[in-house]
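Once you have looked at the hints, place chains V, S, B, Z, Y, L, A, G and D on chain R.
There are 10 protein chains.
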Amino acid sequence: MLFAVRMDVSIPQDMDGKAKAELLANEKAYSQELQRKGEWQSIWRCVGEYANISIFDVSGNERLHEVLWGLPLFPYMTIDITPLAVHPSDVAVG
Amino acid sequence: MLFAVRMDVSIPQDMDGKAKAELLANEKAYSQELQRKGEWQSIWRCVGEYANISIFDVSGNERLHEVLWGLPLFPYMTIDITPLAVHPSDVAVG
Amino acid sequence: MLFAVRMDVSIPQDMDGKAKAELLANEKAYSQELQRKGEWQSIWRCVGEYANISIFDVSGNERLHEVLWGLPLFPYMTIDITPLAVHPSDVAVG
Amino acid sequence: MLFAVRMDVSIPQDMDGKAKAELLANEKAYSQELQRKGEWQSIWRCVGEYANISIFDVSGNERLHEVLWGLPLFPYMTIDITPLAVHPSDVAVG
Amino acid sequence: MLFAVRMDVSIPQDMDGKAKAELLANEKAYSQELQRKGEWQSIWRCVGEYANISIFDVSGNERLHEVLWGLPLFPYMTIDITPLAVHPSDVAVG
Amino acid sequence: MLFAVRMDVSIPQDMDGKAKAELLANEKAYSQELQRKGEWQSIWRCVGEYANISIFDVSGNERLHEVLWGLPLFPYMTIDITPLAVHPSDVAVG
Amino acid sequence: MLFAVRMDVSIPQDMDGKAKAELLANEKAYSQELQRKGEWQSIWRCVGEYANISIFDVSGNERLHEVLWGLPLFPYMTIDITPLAVHPSDVAVG
Amino acid sequence: MLFAVRMDVSIPQDMDGKAKAELLANEKAYSQELQRKGEWQSIWRCVGEYANISIFDVSGNERLHEVLWGLPLFPYMTIDITPLAVHPSDVAVG
Amino acid sequence: MLFAVRMDVSIPQDMDGKAKAELLANEKAYSQELQRKGEWQSIWRCVGEYANISIFDVSGNERLHEVLWGLPLFPYMTIDITPLAVHPSDVAVG
Amino acid sequence: MLFAVRMDVSIPQDMDGKAKAELLANEKAYSQELQRKGEWQSIWRCVGEYANISIFDVSGNERLHEVLWGLPLFPYMTIDITPLAVHPSDVAVG
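Chains as they are written, first to last, in our numbering: chain R, 1 to 94; chain V, 101 to 194; chain S, 201 to 294; chain B, 301 to 394; chain Z, 401 to 494; chain Y, 501 to 594; chain L, 601 to 694; chain A, 701 to 794; chain G, 801 to 894; chain D, 901 to 994.
Hints listed in this document are in silico derivations from the structure and should not be mistaken for laboratory results. Computed from a predicted model, the values in this text were never measured in an experiment. One or more of the hints may lead you astray.
Unchecked claim - Simulated crosslink set (DSBU-like; lysine-lysine; CA at most 35 Å straight-line): (1) K328(B) / K318(B); (2) K518(Y) / K437(Z); (3) K520(Y) / K318(B); (4) K320(B) / K537(Y); (5) K20(R) / K337(B); (6) K318(B) / K18(R); (7) K18(R) / K28(R); (8) K137(V) / K220(S); (9) K220(S) / K418(Z).
Claimed, not checked - Far from chain Z, some chain B residues (derived; all Cβ distances over 10 Å): (10) I311; (11) G317; (12) K318; (13) Q341; (14) P375; (15) V391.
Just so you know, even glycine gets a beta-carbon here, dropped at the ideal spot from N, CA and C.
The shape of chain R in the complex, shown without the other chains (with noise of 0.2 Å):
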């Protein structure tokens, strides 16, 4: 089941370096794990803005939200978040 997720990322400016440089990376690792699994279709960055666009491929409600909960980052986003259907258009379809 597919979703378009938006993340907006607002860390606190007077987050510790060393911290910060930790939740980056756990965050990174926490992403690409999901990637290789293929729940995590796929991610973009919104250029000139800390947010992404992702599609995620997923079992369902449950699950997504237990994957977006569990982001490091979570604290610090506001997700915006657009359920998916086929489109008849799509030559995928026929």
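The following block gives chains V, S, B, Z, Y, L, A, G and D in isolation, referenced to the frame of chain R:
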């Protein structure tokens, strides 16, 4: 060069049935030709809305405008564009 | 899989009376069939507005789109969807 | 009398860990007591957000305010209320 | 039970003069009957706008919806509702 | 001269408990004195929000500003004002 | 008593040319009479918009409403009002 | 050249009392000097808000920016500018 | 004096084809004459939108209004203006 | 490839004076180097705001992101991007 594009469609309710059917057939053909060429990389229906989220892979701004302006449904669309860049956490990047 | 859906209805003021009555009867029948099947779990009127808030329990995004797209009033609706998950404070969870 | 209520939570990032755990435990207990009494009819997590959508069935506006004002997390919440009425298409109505 | 209600009116500019006069007379009669019954406690014109702010004192959500849905001008209104409770600083409370 | 005023309150979460209690006591006394003088005609709590809707009956804009600017909670408030006039449907008008 | 008022005008594009000319002439005459009386203290065009910002000096809310409601262009306007008071930095105050 | 300018002020609640008094005195002196020169034509308090609406008559955009950027309260302000032109209904125009 | 101006165009879908072609030809001629005179310094198409972003270099507010008000497409445009000043980091400044 | 970019700056009021001066000097040097290379084609101050509107001429989305992400003031900016294309009325086009 990648762009996320959201298109919201609003066709006048008094449009003639035959004209509408033709318009939608043209839109589908137009979209599928671009999908086959690889410029219209993905298209998804937004659940419960007459709208889609698409990913375009085009040579640049000029080409993206040409493609969107040429959409048969363009006069009935509201279009929102987000330029995309590679995300540093993308596993495809390394 | 649960979704909260808010539907705001705006029927053109010049719609023919008979056509409107038929449309509303079809909408009611369509909704009640889905309620009896258990997919349209709840529907409430928003006080003072031509709108409803509903809870859907469907197999996934594809089915939710199919159900909403098929609403007789769909062309006259603005629809807002919130995917839901179990809340950790829900007594039904334990 | 029914109300749909959406609560968005924003806990300060510098809150002491123990104070936060206690606060969340109190919130859960408070919510569950009201659920058991039948006044807090349903609670769902909004996917990917620190937020919930709930249905309250209370004696009236005074009681709803008392319940919400008393939430341990109230100082950290933004609350949006929609008064509900029976929908004429509800199968439970006939 | 008290509710603050703001109603913004937008009557189509091409409405027939006689039909409009009748509609407005019906609206006034409808409003005044409810005022005399005490359910429509106050009504004020918003300066410079085709809008009013009103206070309703009704038995609950169901009755408020019935009253508002029945307004002759309802199809031409945008309605915004704020449920009210006693304020602890109100001198009438003590 | 009548005005509808909505006040949304946001007190800093780190305000000292005693300072806050004193501030709230001053606010209540200030409000009640104006209510007794008849200038602060009504005050209601907005259900589920740290906010009130009030009706002021003052000599004019200068006096309304003086009253609001003097509120002990003024530095912590967002204030929205709607000037009111007699409504032609008001039964008190005839 | 002073008020800043912004009026945005939107005349239907299919209005008959002669009717429109008459309407605009009436609006101008109406405005100029009030300017000469001193109640419509200032009027400026907002650059690049069919809109004006005006300062009114009237006896109170009732009179302001009467003046605005009576504008020949009122049915085609969106009006935004800001009640004004003397500013403590105004050199005219001392 | 005329501009309508709205300034909303938000001074940090923890600013030292003496620093704040000095800042406000500087702001007042700055404003009054420009009023006496005729560049700051009018200033009014927005009722119930820490805000003003002002009319500036300056040589152009560069000068307006210089004036506003130099405001002692500039770092604490949100500023909204509307360029003004003569209105054809202005009696001063003929 | 520089201004950034964004113009969004919305031509009624039922406009006669010939009338529309003439209107667009007039708009182009009008724009190009001003470009040649140097007052309409730059014009760019906003990708995927019936809109442009332009830079004007005019004698002041009065002239800018005259130019925009005279646009053949003015009745079909929404216009947003940002007055510009020299930026201290501009290399042309030194 | 052209992009219009608006940057709104918000530097924390408690930033150390020397750190701030250094930050601003770095920003200016960074901007001017890109201006000299021709990638940062134009920069204007928005009158009365700590903001600029700029035109970038870069090889594509990746480069635009690299440039913006590298701005010394990036952590203190809100950035809004509009991809641009040639306008058919541009005299430079013919």
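Quick rundown of the hints versus the structure:
Of the pairs offered as hints, the one joining K328(B) and K318(B) holds, with about 15 Å between alpha carbons and a cut-off of 35 Å not exceeded. Distance restraint check for K518(Y) and K437(Z): the Cα-Cα separation of roughly 46 Å exceeds the 35 Å cut-off, and the hinted pair is therefore not satisfied. Simply put, K520(Y) and K318(B) have alpha-carbon atoms about 24 Å apart, close enough for the 35 Å limit, and the pair holds. At most 35 Å may separate the alpha-carbon atoms for a hinted pair to count; K320(B) and K537(Y) exceed this at roughly 45 Å.
Restraint check: the Cα-Cα separation between K20(R) and K337(B) comes to about 45 Å, which exceeds 35 Å; the hinted pair is violated. For a cut-off of 35 Å, the pair hint linking K318(B) to K18(R) stands: about 24 Å separates their Cα positions. Using a Cα cut-off of 35 Å, the hinted pair K18(R) and K28(R) holds, with the two alpha carbons roughly 15 Å apart. In summary, the hint linking K137(V) to K220(S) is not supported, as the alpha carbons are separated by about 45 Å, beyond the 35 Å threshold.
With a C-alpha separation of about 24 Å, the suggested pair K220(S) and K418(Z) falls inside the 35 Å cut-off, and the hint holds. For I311(B), the requirement that its beta carbon stay farther than 10 Å from each beta carbon of chain Z is met, with the minimum near 26 Å. Consistency note on G317(B): stated as away from chain Z, and its beta-carbon is indeed over 10 Å from all of that chain's, at 34 Å minimum. In this structure K318(B) is separated from chain Z by more than 10 Å, as the shortest Cβ-Cβ distance comes to about 32 Å.
Q341(B), annotated as away from the interface, keeps every beta carbon of chain Z farther than 10 Å; the closest lies near 14 Å. Every CB of chain Z lies more than 10 Å from the CB of P375(B), the least distance being 17 Å, so the non-interface label holds. The beta carbon of V391(B) sits about 18 Å from the closest Cβ of chain Z, which is more than 10 Å, so the claim that it is off the interface holds.
Hint compliance for this structure: hints 2, 4, 5, 8 are broken, all remaining hints hold.
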